[in-house]
Amino acid sequence: MTLRNDIEITAELVAEHGLKPDEYSKILELIGRVPTYTELGIFSAMWNEHCSYKSSKKWLKTLPTTGPRVIQGPGENAGVVDIGDGQAIVFKMESHNHPSFIEPYQGAATGVGGILRDVFTMGARPVAAMNALRFGAPDHEKTRHLVSGVVAGVGGYGNAFGVPTVGGEVEFDERYNGNNLVNAFAAGLADTDKIFYSKAEGVGLPVVYLGAKTGRDGVGGATMASAEFGDDIEEKRPTVQVGDPFTEKRLLEACLELMQTGAVIAIQDMGAAGLTCSAVEMGAKGDLGIELDLDKVPVREAQMTAYEMMLSESQERMLMVLHPEKEAAARAVFEKWELDFATVGKTTDDLRFRVMWQGEEVANLPIKELGDEAPEYDRPWIAPTAPAPLAVTDVPQMDVADALLKLVGGHQVASRRWVYEQYDTLIQGNSLQRPGGDAGVIRVEGHETKGLAFSSDVTPRYCEADPYEGGKQAVAECWRNLTATGAEPLAATDNLNFGNPERPEIMGQIVHAIKGIGEACLALDFPIVSGNVSLYNETNGRGILPTPTIGGVGLLPDWNQMARIGFAAANEVILLVGAPANRGTHLGQSIYLRDLFGRKDGPAPHVDLAHERRTGDFVRKLIRSGIATACHDLSDGGLGVALAEMAMASGIGATVTDLTDQNPVLQYFGEDQGRYLVTVNLDPQGEALADLWKEAETLGIFAPWIGTTGGMDLVLGSARALPVADLKAAHEGWFPSYMDGVAA
Amino acid sequence: MKSAVIVFPGLNRDRDMIAALTKVSGTAPTTVWHQDADLPNVDLIVIPGGFSYGDYLRCGAIAARSPIMDKVRAHAERGGKVLGVCNGFQILIEAGLLPGALMRNTSLKFVCREVKLEVVNADTDFTRGYTKGEVFRCPVAHHDGNYFADGDTLARLEGEGRVAFRYAEGTNPNGSLNDIAGIFNEGKNVLGLMPHPENLIEAAHGGDDGRALFSGLLGKAA
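The listed protein sequences derive, respectively, from chains L and P. Numbered as in my numbering, the first sequence ends at 744 without a single skipped number. Numbered as in my numbering, the second sequence ends at 1222 without a single skipped number.
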């Protein structure tokens, strides 16, 4: 057998492909000869961190991934969860961090495109999207440019594709100065009996290429995304792909139409490492070989080499195995949508991955080993040390009203309207709750009462202080946000963003965060059904804050019994459900300390998972029985900020009574976990409320009456009254004035 | 009442529009694919919103030159009704069925939010569900909705009662001249507007202010 081998494989070339010497030795051992240049490219694509999860696999395996509603857990293009009535929600979250820093518009746009494709590849029509975005310090010179480009890119792709963006996160911290994070989430609806998978079946069947043509864009993208950044970052721009939402929209319609014809046996989108990853995955999963003839691949430019075609990350492409007798019908669908359709290969029975180019065999590799034999590391790690607790007397004082106004108008809490108004939040006509509340909610089209809630959460500063508690908190916060609408949290996707795993302290963060996530998912019956890992988020040796983003989905049986965050009416009782005896106690890692006093010390707040579960289940019951008139969970900025958000969302004020024996700063700005504000339209002296308290007490939940809604002001105990209009002006003001170059 | 919705590749509010027409009239509109040779025999042709041909070249420019648009033009010349929403409005302008131009929003950003619309002329089949001067809520979602026309054209539009809707109460989201949100052709049988009344027709949308456009229109033609 002669393989084209024009380019000599040197140690430098191997290193440039991101392969370590021991990994290269493994390749030599596996194939018994020196690989061709194309083969080296294939190995680098399959064995990089992004595609192989080689540093995280050992730990990811520990996550709970099953449950009575889980149809498909991790390992496919997206997770699939049963929502009843023969329907399923198909969802995943994926990062596009590195490309979005190099070229913010296209990086973010193709991140959205990639996740949408993951969802419709499985036969689901996308119905909701979210984006968790993290940027450097507001006053860093690149931040505005990145915010502006990323937000425009997310909108540019999602709006044109036609999916409502219903939620997300935007956060700033200097630790993202050199590496911003773009975590894109998408969810789609499918019939449970029409889910499509990537596993090929049957020998000698056509492998068909669909969608856009292959160009040179993105060659080596996955390898780039598995390396740290240095000062040469600008030179990496050519590795970023360019998105075309118009083609993606046609690809969606064509794929869904094609799937109805019964022609599709297996389907895989071409994402990271394009043709290589998709072909190997389809073959390896089905215990089949794949033979590709690259001369049949539709190309955008002439004279592309086999190496470039195999590693191109051109967007909006799909690979399918089709029933041969239905090939003509399938072709007609794609021609109608004016998309490329080409039979580029066939399935074989010899478990080899063969690539032909200009009549020569340029690669011939064992297909199973390409995936299964990817290196897996048990990287050394050291357990993180938790910061020392704050002294009991260490409560820096500030006037409560001043502090609240500053926090509400600061970068952490300020309204994200500037961002989400650039996203189409209502297309498809099913958006019940748009961004700005606890979770985005859509109704399930074709069903009278059913709704789905979506939330994306993580508190990176907690994860930095204590990755284990932070991991737990990310899951609990997501579960809590879904619960606060009245939804039953079903399952989640995780997008784990960390620094360089080859550093033991970073690996320690990963190990502990995954442990925390796993424990929380188990305790809350909230399995992880899909996910993505993004490592090497470092620039010049400095890593990001550990950021394991959790994207969750919840089910509302009847959206008429759904809670929103705005106060519903005046003269309603405000309950703080899940409160500790002193309402709030924990100031460590709070935004009160960080944003008002420049302090990042103290331990992260503890999440009591059993209490979390009981409290959430109780709150959900209050919402579904119609007793709760509004609901909001407490997070950044504690009770004070949560009350302000409920008031601002409705224009209705509230008066809250101080606890006399607790420091007001702790009461109003402590970030204790597992708490909700619930308003009820009940007589404070009446029997119904007494019954509610009795039930709470039986469950071990403290739900004190802390105040009453009404008026135009928010009055926090003895602090001066704050007009809701003033709070709103501060809250709405920060983002636009920041982007105009005024605030920082 | 018979209506048809034309679908060009890249449009994405066709499903929203079909749902609105179906919910309000009780009958689903016919869907026309842009390559179909003929229009069905209907009273109302609707071109919904989205990003036909990816907004490449110029919003609506490519779809406007599609052969089916000759049929739409003929339908309008016969007095048939044509409604274009958002990208549909852009296509009608590019096709010469409505005057003026829709430029990039002054913010240079896509904008999706709720605005207030004032009904400027309620004396047409499209707007008879409203009363003159009535202000109602309506969402917008667009990048290029900044209406522009030369002085003479603008004067004619205003003078001939051809401004259908105006952004009210300071909610102009795009910098449109005279706060114009929607306009008629001379015969007032063609209406183009940027906002999306189809996304505010039922309780689940948080209101039904947009419904009167469809109920007024469909009731008349039934």
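To be clear, the hints were calculated from the coordinates, so they are not data collected in a lab. Please note that a few of the clues may not be correct.
Restraint-style ranges between C-beta atoms, simulated for each label pair [to be verified]: (1) Ala1028(P) / Asn540(L): 40 to 46 Å; (2) Ala721(L) / Lys1002(P): 56 to 62 Å; (3) Ala1028(P) / Ala690(L): 50 to 56 Å; (4) Gly1207(P) / Gly84(L): 51 to 57 Å.
When the alpha-carbon atoms are kept at most 27 Å apart in a straight line, the in silico DSS-like pairs for lysine-lysine are as follows [to be verified]: (5) Lys142(L) / Lys1109(P); (6) Lys336(L) / Lys61(L); (7) Lys728(L) / Lys1116(P); (8) Lys1071(P) / Lys336(L).
For each residue, glycine too, the CB sits at the ideal point set by N, CA and C.
Violated hints, by number in ascending order, as checked against the structure = 1, 4 and 6
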